[in-house]
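With the hints as extra help, turn the sequences into a complete structure.
So the sequence lines, in the order shown, correspond to chains A and B. Following our numbering, the numbering of the first sequence begins with 1 at its first residue and continues without gaps. Following our numbering, the numbering of the second sequence begins with 1 at its first residue and continues without gaps.
Mixed in with the good hints there might be a few duds.
Capping the alpha-carbon separation at 27 angstroms, the derived lysine-lysine pairs in DSS-like fashion look like this [as the list claims (entries may be wrong)]: (1) Lys-172(B) - Lys-221(B); (2) Lys-229(A) - Lys-172(B); (3) Lys-130(B) - Lys-146(A); (4) Lys-60(A) - Lys-53(B).
Hints in this document: simulated from the structure, not taken from any laboratory. Quick caveat, the model's predicted, so the values are computed rather than measured.
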Amino acid sequence: MGYDKRLDGRKFDETRPIEAKVGVIKNADGSGWFRIGKSTAYAAVYGPKNLYPKFLANPKRGVLRCHYNMMPFSGMGNRVRPGTNRRAKEISMVTANALLPILDLSDFPNSVVDVYIELPETDAGSRCAGICAASLALADAGFLMKDLACSVAVGKVDDKVVVDLDYAEEAYECDAGVADIPLCIFPQSKKISLLQMDGILSPESLKEAMEAGMIAAEKIYDIQKAALKAKYEGD
Amino acid sequence: MGNILVKEKQIVVPGEILAKGMDYLPGIGTYREGENIHAARVGLTYIDGRALKLIPLAGKYQPKKGDTIIAKVKDIMFSGWSCTTNSAYQAMMNVKDATSEFIPRGADLSQIYQIGDYVVGKIVTVTSQKLIDLSMKGPGLRRLHGGRIVYVTPSKVPRIIGKKGSMVSMIKQATGCKIIVGQNGMIWLSGEEPKNVLLAVKTIEMIESKAHISGLTDIIKQWLEKETGQKIIPKGDENGL
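And the structure:
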């Protein structure tokens, strides 16, 4: 008995349906919306602006600050307590680190760029959705970026390598266990800026999973590209 | 052999490959990675001979020496005024650059510019750390009385001014408003008729949303003629001041 068929009927290398949009928040300097299956992320970029307290400032380049926030009603089970927690703090940090390699903030010394990522609906893969939305928002705000960040989770359920796990799959009970690997990939340079893992996986499966992630990232890039162009080609 | 993959005035997104091979050169807003030239921001392509450039479609104002901007006095310091510039940085306006009049030592600076005043000033210097010096000495540089301020994306300011100020002078002519366009994306409007001021604001918003379309002056001209019901004969204006 293996994992023959995915719980929601997808193919093993298929992501959930993806939608993306930019310019969804009028008052922000740039904004993005990214939805993968039932995980939705809004990202709003404010800045560059003055950074207080001053000791956080970097005189050589701007500072990127990310704020990951799951809304109280967003979870699958209990109400998420509002405000920050250790998980949100950690994800905010890895999001900023995932985005920084492509972002050029050397034109904005001593300033800060704030990225607020809000998740009204989550069904696993929320940090990936957040990174995709944030990268759209930063591009929409007109920053110099080498690439777009395309983030997707890959993993292994029982004996099968799968792309884009949902919550039911993450919680799937089986003998071999589940491995969940959030990835952030820059599709042009094929570089990876986020690689986390939860679970147990053989080196061969990890390689296979990452190759599947590369293909999914390119698909995400095309959707992000279309979303950014749609803002200007509407009329 | 190099070949170009984009057309002139095409919208591109970060990472998109613009050209292959070594025949083309990466210009502003692009970068070379191996054989390919990629876009480094959301922008419109602009092919200048062998160089590929991108015209930005969004982004905060980057202070530049010689720009005429509209600033708001935020604070009064020992030797001048600190002003907000619609960028990430504040501008300093020194007493000696503030007016052509003589200001005695120890004078009450709030008598000259009060906190909250809007001024049209010229950027004299910008350092590498983005310390900005603002000067009020020059033609057309003054404090603004009354009127209203609208904000636009700074990268779209050239479209609002138009070629040799053709666009802004057309709006001035059609609405009878006084308009000052700051390079930092702040625009000051003042007029007798509130109806006309609103029309001017609406026109500016329209230009901003259609800034990437070519032949915009004609579209705006037709629209203004329809709204005001009068014929507009365009005439040149040097700098939009």
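Against the structure, the hints:
1. Restraint check: the Cα-Cα separation between Lys-172(B) and Lys-221(B) comes to about 12 angstroms, which is no more than 27 angstroms; the hinted pair holds.
2. For a cut-off of 27 angstroms, the pair hint linking Lys-229(A) to Lys-172(B) is broken: about 33 angstroms separates their Cα positions.
3. Taking the CA atoms of Lys-130(B) and Lys-146(A), the gap is about 24 angstroms. The hint holds against a cut of 27 angstroms.
4. With a C-alpha separation of about 25 angstroms, the suggested pair Lys-60(A) and Lys-53(B) falls inside the 27 angstroms cut-off, and the hint holds.
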